[in-house]
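Student: Given next are the chains, with one letter for each unit.
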Amino acid sequence: MGEPQDGPLLTTPLHALHGELGAKMVPFAGYDMPVQYPTGVLAEHNWTRASAGLFDVSHMGQCFLIPEDGRYETAAAALETLVPADVMALKPGQQRYSQFTNAEGGILDDLMITRLGHSGHEHWLYLVVNAACKDADYAHMRAHLPAGVTLKVADDLALIAVQGPEAVAAVATLAPSLAGLKFMTSVDLAIDGIWAHVSRTGYTGEDGVEISVKSADAVALTRKLLADPRVKPIGLGARDSLRLEAGLCLYGHDIDTTTSPIEAGLTWSIQKRRRAEGGFLGAARIQKELAEGAPRQRVGILPDGRAPAREGTAVKSADGQPIGTVTSGGFGPTINGPLAMGYVNRRFAEPGTPVLLEVRGKDLPGKVVTMPFAPHRYVRG
Amino acid sequence: MATTKYTKDHEYIRIDGDVGTVGISHYAQEQLGDVVFVELPSSGKAVKKGDSAAVVESVKAASDIYSPVSGQVVEANPDLEGAPATVNDDPAGKGWFFKVKIANPAELDELMDEAAYKAFLDTL
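Here the protein sequences line up with chains A and B, keeping their order. Position 301 of the first sequence, counting from 1, maps to 301 under this note's numbering, and the rest follow consecutively. Position 15 of the second sequence, counting from 1, maps to 15 under this note's numbering, and the rest follow consecutively.
If you are wondering where the hints come from, they were derived from the structure by calculation, not from laboratory data.
Here are the in silico distance ranges between beta carbons for each label pair:
id	chain 1	residue 1	chain 2	residue 2	range
1	B	D51	A	G19	36 to 44 Å
2	A	K367	B	E30	30 to 38 Å
3	A	A291	B	K8	54 to 62 Å
4	B	K8	A	W195	47 to 55 Å
5	B	G50	A	A216	48 to 56 Å
6	B	E75	A	P354	28 to 36 Å
7	A	K367	B	A115	49 to 57 Å
8	B	G50	A	A318	30 to 38 Å
9	A	T267	B	E30	42 to 50 Å
10	B	G93	A	W268	48 to 56 Å
11	B	D16	A	P8	43 to 51 Å
12	B	D16	A	G19	41 to 49 Å
13	A	P176	B	G93	50 to 58 Å
The beta carbon of each residue, even a glycine, is placed where N, CA and C say it ideally should be.
Make the full structure from the sequences, and use the hints.
Tutor: Listed below in structure tokens is the structure:
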């Protein structure tokens with residue numbers, strides 16, 4: 001999952017704690033990160049689906065866009081030139097998933113956009129971007145933001161995700177008002193005395209929260225959360241199998257500078273006004289694909305047998321013609337079988353279409369399926 | 001008593017007359033993590049020492065299993081298809097991969113015995 005990096009690896013504020021918890025560490029996006037803890041990927045995956053898993057995602061980039069004139073519309077209008085989401089419509093505390101597009105309509109990164117709800121900061125935007133892309137994202141924003149909107153990179157924040165059916169209940173024992181937090185909204189509050197920004201969101205298909213906290217408080221907060229027997233630490237290995245079962249894209253694999261949000265099946269993240277008006281980088285391609293359909297489509301693929309089809313596997317039609325490529329593939333513990341996602345020619349994107357997956361020189365049968373593979377269990381309130 | 005020898009890639013071969021039973025060491029299964037799929041050679045297949053003869057897949061990745069010796073596959077473990085996790089639970093026993101009729105016993109001399117393999121693991 002990680003790309004080779006030059007120079008020493010960076011660490012998160014929880015690095016020493018991972019060691020204490022017995023994590024196996026691997027390089028990921030330039031950081032030394034836990035890929036698994038002693039129980040292993042399978043048990044961690046299943047624990048997250050059954051109870052609550054805690055993930056250190058402090059390597060991700062957190063930043064703020066601050067309009068000097070104090071008007072939310074100024075910040076929202078500036079960001080809307082770079083993303084296809086309706087940022088203007090966000091209410092204080094509300095959050096949306098979007099993508100930074102390039103001039104060709106490809107995806108530079110995907111990100112979460114939140115309008116802060118904290119009194120006196122309702123004109124601020126808070127963004128969370130991918131670790132491997134963050135420096136490029138910051139440069140991209142600096143190059144395009146108008147005078148009067150400041151990018152403030154928050155290097156002093158850690159990010160901790162707690163995910164699973166017991167996640168909110170567990171965190172709410174330390175901050176009772178969290179129980180009523182709506183899906184895709186956020187709140188600023190104290191968790192057992194530690195000030196934090198909490199969003200009801202995640203990357204596993206489960207209910208849960210992501211907690212942004214001062215780096216200096218990250219270890220103390222994590223220890224409080226792990227003191228609850230429902231909460232166990234989960235590594236990047238299970239994070240990947242969980243998001244794959246949930247049908248969620250991993251940047252650099254399922255989406256990149258060549259894939260458009262329409263091809264990627266992310267049309268839902270482009271609200272009606274933006275589809276009509278455009279006004280973001282690459283809008284021409286995206287509006288054309290909205291009108292005419294994209295030439296290829298991201299789909300779920302289920303192999304008929306037990307052999308996983310990994311990233312890069314060639315996808316063929318039933319008569320053996322090349323029609324696409326797997327972009328993420330592996331084994332889903334919850335569905336107890338292999339699963340994949342990838343891009344296929346639009347003529348083969350219909351669920352139920354039989355396909356062949358070329359694994360180690362053999363064409364293994366499979367079929368196109370609707371995602372997610374494991375049902376989302378978000379609590380929409 | 002059967003002798004067991006090891007490769008630097010962490011395969012073992014348990015030698016019983018002219019037939020060797022091939023699997024992966026406890027260390028290897030620990031490094032791989034949860035095994036979810038094993039692809040085995042068919043009976044009768046000729047393998048060369050160092051050839052990829054089987055594939056073991058964990059949740060995260062696929063790894064080749066190299067034959068420790070040259071010879072002919074005489075049997076593949078029929079239980080691994082339905083229960084691949086046996087490789088984690090009992091790598092030296094029920095989690096074996098395949099049995100090979102050893103073509104050239106001299107190749108066994110190039111492999112590590114139990115003590116040498118333990119010493120090798122200490123260097124990792």
